[in-house]
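Engineer: Two chains, each in its own frame: build the complex with the hints.
Protein chains in written order, with the working numbering: chain Z, 2 to 236; chain V, 413 to 665.
Treat the hints loosely; a few may be bogus.
With a cut-off of at most 27 Å between alpha-carbon atoms, the simulated DSSO-like pairs for lysine-lysine come out as follows [stated by the list, open to error]:
(1) Lys102/Z / Lys194/Z
(2) Lys60/Z / Lys189/Z
(3) Lys433/V / Lys419/V
(4) Lys102/Z / Lys189/Z
(5) Lys102/Z / Lys464/V
(6) Lys657/V / Lys102/Z
(7) Lys155/Z / Lys54/Z
(8) Lys23/Z / Lys464/V
(9) Lys657/V / Lys464/V
(10) Lys419/V / Lys189/Z
(11) Lys546/V / Lys102/Z
(12) Lys60/Z / Lys155/Z
(13) Lys546/V / Lys657/V
(14) Lys418/V / Lys433/V
(15) Lys546/V / Lys194/Z
(16) Lys464/V / Lys546/V
(17) Lys23/Z / Lys433/V
(18) Lys216/Z / Lys155/Z
(19) Lys23/Z / Lys657/V
Since the hints were derived computationally from the structure, they do not count as laboratory data.
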Amino acid sequence: MEASEKKIDDGYEFVMPHLVIKELIAVIIASAGLLAWSLLANAPLLSIADPNKTENPAKAPWYFVGLQELLVYFDPWIAGVTIPTIIIVGLMLLPYLDVRKTGAGQYSFRPRMPEVIFFVFGFAMWIILILVGQFLRGPNWQFYWPWEDWSVAKSAEETLANMSSWMGIGFLILYFGVGFALPALLCKGLFRKMGSARYLTAIALVLLMYGVVVKIVLRLVFNIRYILTTPWFNI
Amino acid sequence: MSRNLKKVTESQLWRSIFRHKFSDTPRNRVLTVVSNFFLHLHPPKVHTRGLKIRHTFCLGGLTFYMFIVETITGVLLMFYYRPTIEYAYLDMRLLEHVVKFGPIMRNLHRWAAHAMVILVMMHMLRVFLTGSYKPPREFNWVIGVTLLVLTLLLSFTGYLLPWDQLSFWAITVGTRMGGATPFIGAEGPFHTALGIRPDNDVRYLLLGDTVVGENALLRFYVLHCILLPLAATVFLLVHFWRVRKDGGISHPL
Ligand code: HEM
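Here chain V stands alone, though its shape is the one from the complex (with noise of 0.2 Å):
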């Protein structure tokens, strides 16, 4: 090790972030992962089996890199976006033609988006192809299908934000759906059981009106960058908790 590199590792500073030495030491590998707030997500030692690309393709770890990628990108639209009828159309304009970066920005956002619903999907088949929903990861894998929904909601959600007409029928399309819902949608079967009508059901329920509009707006866009993904963040940590608890990454008995 040179002087200098000597120097820093042993460095007051450097000594109170990373806690152990520097050295390549059986004991320093495992320091590393386990006294590294992001790292101790893994435990120190994985089996050879889980390493392999082929038994994950790391699939469940790029759909959760997308989710870092939508946080990111998704607080810096947050600076530029206003969510109200008067603005969200002309705020994607200003976006896409004065704002530096803008475009990137969007497009990042939106791409990684569908790369995350695409993701989601791969891993769950490659989770169901290795049998890992088995004993004793039944759980995980509920948690796992909740996840499914959230990011299914999440991207639908974010949908109808740029207020243009793909966005906007797209969602009165996709709502109309919810309409239809049995007992409580007002279009649903035996809607009148319960004397359910257009504006009492489960679809004014989420668009806080009859039809798409600033209420619907206003709704998405908090579920969108609130509610959503809160929920899909303490959902996430069970998740990759209970991955560990479950005695990591699976593998033939």
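For reference, chain Z alone in the conformation it holds in the complex (with noise of 0.2 Å):
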């Protein structure tokens, strides 16, 4: 008897052929693309490298080049290192803080609204100061819009200034104080549902993630350098 014919329905289907077709099919698709991409454009090669010359600018790899654009509002041992560390940390922990079990294995939004938000928020984070990084930043990281000129150089002149000692303490504890009592109280039983553990490791990675947007802000509508100095590092 032909195994089509025989039709058990226990919600499960041969791997052979139904899944093993859908591979081929996407593996052909992906060959073609490539094939086609890699016909189409060469990968660059520029001139042999040349310590003494710098490149204006000189950009990382498009997939780093995110970190290199936040180096524009923090110092490199926060954007180059701190901030990636803190992003794989977090990342692997994920799974053990999310302890809700509604919408394993589908799609779905309403009942997992604010976990939804959160990641796709970052997600897009990523992909923006990519996008800015790559494609709107020019010599010396000035800002150009595509259609601006590279070769018409752009002051560099910013007045920025640094929030005082109380000031940016203050600032710092407002801002993590509300931020972890807000969703505790806000939101009732969520605190004892997650366990004191999870519950701070959870909204202290939220409120990192959209301290990076306050700190742009900051800096880009209110002249702010640094929210916090001391001697040996600055924030």
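Structural biologist: Below, the structure is given as structure tokens:
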């Protein structure tokens, strides 16, 4: 008897041929696309490396340009080291912080609204920073629209101020204090359901993520360079 | 079945390779998968939900396919490339102008690398949106994040190898950030606490020098062609194995 005639409906299908044929089609489409791309566009190759001739702008590979873009707003130890470390650790912790069972194994939005919003927000931020860094930054990392001419120099002048110590400390205490308290107050039972360790870690990660946006806004709108200055490091 | 086909499928050679009968029966469909080394990454049967294109968009599978393309084209490129300052750039030029199919080989390797990074990002987004990291799949998500990091590192180390202005300065700015690591980077906060200088910090460890030079080129080459692909292969195998051990492609309970 032919296998295809005998239908047992247990919610499962044979891998051969139902899955294998789809994989084959996907591979054929991907190969065609890749081959077309490789025939139409050449991988870049500039002149030989010269340590004495600085490229301006010198851009990191595109997937790291988002971090390079953050250098405008943060010191290198934050933009280049601390933020990526927190992102990786945060991503790894994610399944242990999200304790809700709802929506496992299917697309859903309503029942997991906060989680989806946080994650998609972070993901979108990653992409937007890459796009800005890759396409809108010219010589000396100045902002250029695509139609603007890079040979027209932009003035690097910016008058930036730091927050005073008290204001900076107050700002941070307010941001994190309200940030940690608010979700527990607004959403009854959240703290108990998650447990203190999970709650604090999850909220800290979310606050740090939005903190990056807060810092960007402070810089762009209020011309603030550092929120907190200390003899050892600045934030 | 025609007589000739029967002759082939019942020959000793055929049966030594495939180990089961050719006719289309449920038993043989299962055997096709489980008695084939490559297909047995799959279970014999999958949940109908997991078969829907919309559920995975085949993103994980395509990321893996890009890894295979990278391995094949990468090995071919290794025949023509020497990782020294004298030859690296010259070899790239020769690849472009002298080697038969050189440009297409290089282009495939470069564009598939970009595609792999884009696909792995989208795969992660898909896994998140379908809630597929929830129990019992938490740990496979962690392995996935490791694979994401390995993918980025593979791409980054390969970026230096052409030894042109683009790659040199990209790696220079990229690794400069590493020098800003707190405590163990010569430009990071608190570096004096451990007596860290430019010639003994993490950046030096990565570059084998205080600047991007011949040691960095060799280190990146070895990382790119040996260590990172091996590490990625191990994590990939564990990743695939876990997909099955965790109950196959996720579906609502
Ligand atoms: C080199 C990178 C990677 C490769 C080649 C890869 C490959 C795959 C494949 C082939 C599957 C089967 C389902 C599918 O095709 O979507 C899968 C599932 C899965 N992947 Fe990945 N993956 C990679 C990176 C990641 C990353 C970055 C994450 C998350 C951060 C991740 C998390 C998962 C999880 C949790 C599953 C199970 C999903 C389910 O059951 O629906 N993987 N992966």
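Engineer: Quick one, are Lys155/Z and Lys54/Z close enough, alpha carbons at most 27 Å?
Structural biologist: 21 Å, holds
Engineer: Checking one constraint from the list: CA of Lys23/Z to CA of Lys464/V, max 27 Å. Satisfied?
Structural biologist: 10 Å, holds
Engineer: Does the alpha-carbon distance linking Lys102/Z and Lys194/Z stay inside the 27 Å limit?
Structural biologist: 12 Å, holds
Engineer: CA of Lys546/V to CA of Lys657/V, is that 27 Å or under?
Structural biologist: Distance ~14 Å between Lys546/V and Lys657/V Cα, so the pair holds.
Engineer: Lys546/V and Lys194/Z: Cα distance at most 27 Å?
Structural biologist: Given pair Lys546/V, Lys194/Z holds - Cα atoms ~16 Å apart, limit 27 Å.
Engineer: Are the Cα positions of Lys657/V and Lys464/V separated by 27 Å at most?
Structural biologist: 21 Å, holds
Engineer: Checking one constraint from the list: CA of Lys23/Z to CA of Lys657/V, max 27 Å. Satisfied?
Structural biologist: 22 Å, holds
Engineer: Lys60/Z and Lys155/Z were given as a pair; does the straight-line alpha-carbon distance stay at or below 27 Å?
Structural biologist: It holds: about 18 Å lies between the C-alpha atoms, which stays within 27 Å.
Engineer: Within 27 Å, alpha carbon to alpha carbon, are Lys464/V and Lys546/V?
Structural biologist: Status holds; Cα separation ~20 Å.
Engineer: Take a quick look at whether Lys418/V and Lys433/V sit within 27 Å of each other, Cα to Cα.
Structural biologist: 10 Å, holds
Engineer: Would you check the hint for Lys60/Z and Lys189/Z, treating anything up to 27 Å between C-alpha atoms as holding?
Structural biologist: 47 Å, violated
Engineer: Just to be careful, I want the Cα atoms of Lys102/Z and Lys464/V compared with a cutoff of 27 Å; is the pair within it?
Structural biologist: Measuring from Cα to Cα gives roughly 22 Å; hence the hint holds.
Hints 2 and 10 from the list above are not met by this structure, while the remaining hints are.
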